[in-house]
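Going line by line, the protein sequences match chains A and B. Sequential numbering of the first sequence, starting at 5, is according to our numbering. Sequential numbering of the second sequence, starting at 5, is according to our numbering.
Hints are computed from structural coordinates only; laboratory data are not their basis. Small disclaimer: the values here were computed from a predicted structure and weren't measured. Among the hints, erroneous ones may be present.
Which copy is meant is left open, because identical chains are indistinguishable; a pair holds if it fits in one copy or across any two.
As the list claims (entries may be wrong) - When the alpha-carbon atoms are kept at most 30 Å apart in a straight line, the in silico DSSO-like pairs for lysine-lysine are as follows:
1. Lys99 <-> Lys109
2. Lys99 <-> Lys74
3. Lys27 <-> Lys357
4. Lys280 <-> Lys71
5. Lys71 <-> Lys150
There are 2 protein chains.
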Amino acid sequence: MATSTVSEELFSIVKEGTVTSPKGFEAGGFHAGLKRKRKDLGWIKSVVPANAAGVFTMNTFQAPPLKVTKESLVDGKLQGLIVNSGNANAFTGKKGLEDAYEMRKQFATVMGLKETETAVTSTGVIGEYLPMEAISKGIHDIPNYKAKASGADFAEAIVTTDTITKQVAVTCEINGKTVTIGGAAKGSGMIKPNMATMLAFVTTDAEVENNALQSALSSVTDTTYNMITVDGETSTNDMVLLLANGQAENEELSENHPEWQTFLSSLEYVCQQLAKLIAKDGEGATKLVEVHVKGAKTEKGAKAIAKSVVGSSLVKTAIYGTDANWGRIVCAIGYSGESVQEDSLSISLGPIKVVDYGMTTEFSEEEAKTYLENENIHISIDLHNGYEEATAWGCDLSYDYVRINASYRT
Amino acid sequence: MATSTVSEELFSIVKEGTVTSPKGFEAGGFHAGLKRKRKDLGWIKSVVPANAAGVFTMNTFQAPPLKVTKESLVDGKLQGLIVNSGNANAFTGKKGLEDAYEMRKQFATVMGLKETETAVTSTGVIGEYLPMEAISKGIHDIPNYKAKASGADFAEAIVTTDTITKQVAVTCEINGKTVTIGGAAKGSGMIKPNMATMLAFVTTDAEVENNALQSALSSVTDTTYNMITVDGETSTNDMVLLLANGQAENEELSENHPEWQTFLSSLEYVCQQLAKLIAKDGEGATKLVEVHVKGAKTEKGAKAIAKSVVGSSLVKTAIYGTDANWGRIVCAIGYSGESVQEDSLSISLGPIKVVDYGMTTEFSEEEAKTYLENENIHISIDLHNGYEEATAWGCDLSYDYVRINASYRT
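Okay, chain A solo, but in the shape it has when bound:
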């Protein structure tokens, strides 16, 4: 469990930043034939083996590529990774595992990498075998596409029904050297209406000690990727990878380094931006919803309440309908599992206080409705019961969520 550390004065945002913004990374993506037309095979390669960290889905059915990637991560080094969209290679048994190994092997061979320093990722339909012929042809085509490859192509190749690509990069100073962190992600979407998967890939040219790198990733995942929800579903393929290749030539970072907080804050910002983009681009979403809970006795309690409210179907439909239905927020707080005093609870929708110490205010429904027409909705909850806080992100629940997920697979 970790507290948010984002301090915006510690880093600068890179315009059109992406996974290749940090030194010593190249990336690309193109159409290999898994999807009908759009890009479906993406790759990243570091100039040298990078220290690497990963976090993986809690779903008990972890897809074969996750098993293979975890193996590659055992020694804490990755130099390259390959991602296909269009097929999740999940619930595919022994053959699925063989395919994932084969995909890793071929990519490593073509790119001149060690297999044990190569990660492999898939997203898309579940329960179907990878079309290995297309994958194999695609991998062997990478050198042909390499001249005009870009991080933006990679970001395009990893999405499924996402409506936008999700990329960000920042720079910060670590003992006088400029360190860059870049990231790309995909969110909840279906190639056929099937499995929603969250993937994120973060690169940095920082030199970071391996254990510190993993602990940093685990810690920021707690306050970013683990604080978003679209529909409460945890995919078999969710994964976040972080590669740090040391090309910035800073002194090695670890928890004891005086500028560790600068690195951590920058990393968290990158992950938070990717997480927010995923939430905002949730299936059928028309709005980004941010729920901030403060005045909690414990951070765990604050998180539970924030996630309960942002995940409530009734709150989500009310926001879609621009209905200032604060009773649903109260209800979701009430079933979060955390004990809360009714008469110390305050709730605001943006600037409009709707509940003040347990009493409904005489707020203007019309004004609240106007506020809820914004694209970014901020719900703040004060429990007046302690000093801990947490933020969660999600989206509204619209007709389009049903349409996207109910239509017959074609």
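We have chain A; now place chain B onto it with these hints.
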């Protein structure tokens, strides 16, 4: 935690049965002015004080009427209860509690009951004070309506946007005497689009020892009301009450009575039918979905998996769209928190096996689509890992769920 005990040979279903099918109960309902036109005030009275049991929402913000009813239940006796729909009297603070006491007092006075043997229940919009003038006038009108009052009127008066009333009754034999159990419930619906509340009221003329009655209600609640989900929301007002007035003149029942299982099975059937009616009539629902899990190591695990699958938004939308998307079922099993072996997992949609020991079968998509056009969908999951089982009920997720819950309060 309790295992299901329903044995259909132990009881008979009463045609058009309701809460007044057992001897010594009268009930009614009429329009008192909380809703625009429909019935909104219901009551039940037993000829003598009945042994009584209750189960209450786990939501931390229990509404004032629940607090008052719990007080009445302290000595295990109830002779009457009053329910209003249209206003939940929830999150209404000190005044709400005073109103609930006042409502109980007035009803007790008019009906000649002890306040401490009277229960009070509310369902509807949250965060607004009860319109006490209408409630009070309604209570004083009960004697005028009494001649033509009926259990069916009661069932009508407790609903909100339910599309059907929910009633059932059965008879069984206990040492040669006919014992009747009746029930009425309301499900997830809004009077204004606000709080979904589940209420159930069960009456019986059986003589049942008080502790055994509470333990029976808690036990069947675990396998019935606690195994349904519409949208994963737990209301501030959920409540189930059971009154046993002894008018059947059987020997007092308790866990040691040789025919205890007959009573328990009959009671569970009544509660299961009400629970299934609530699930089937969930907001916007077009289908009842039943998920049966067997071959589990523990009953807790079986329940967790059944509820995870039946509550998954992606499974629910797939069923609405008649899409045999078994990957979503696998995914929901995978994040239920229970450990399951991929290669021992089998899944059927009705008669169609779609996964057999971890392998997808060559089932006909067309046949599966036709099966999913039924109104009652049965998903069975075999973990091949033990001898425990569980069943959960829910409904599909349709455009109408969004429409009902997104429209602005009027």
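Here is how each hint holds up against the structure:
Taking the closest pair of Cα atoms, Lys99 and Lys109 come within 30 Å of each other only inside a single copy of the chain (15 Å); across copies the shortest separation is 70 Å, beyond that limit. Only within a single protomer do Lys99 and Lys74 lie at most 30 Å apart by alpha-carbon distance; the minimum there is 18 Å, versus 58 Å between protomers. Taking the closest pair of Cα atoms, Lys27 and Lys357 never come within 30 Å of each other, the shortest separation being 47 Å inside a single copy and 52 Å across copies. In this homomeric assembly, Lys280 and Lys71 come within 30 Å of each other (Cα to Cα) only inside a single copy, at 27 Å, whereas the closest approach across copies is 41 Å.
In the homo-oligomer, the alpha carbons of Lys71 and Lys150 lie at most 30 Å apart inside one protomer (28 Å), although the nearest pairing across protomers, at 69 Å, exceeds that limit.
Figure legend: structure checked against the earlier numbered hints; the only hint not met is number 3.
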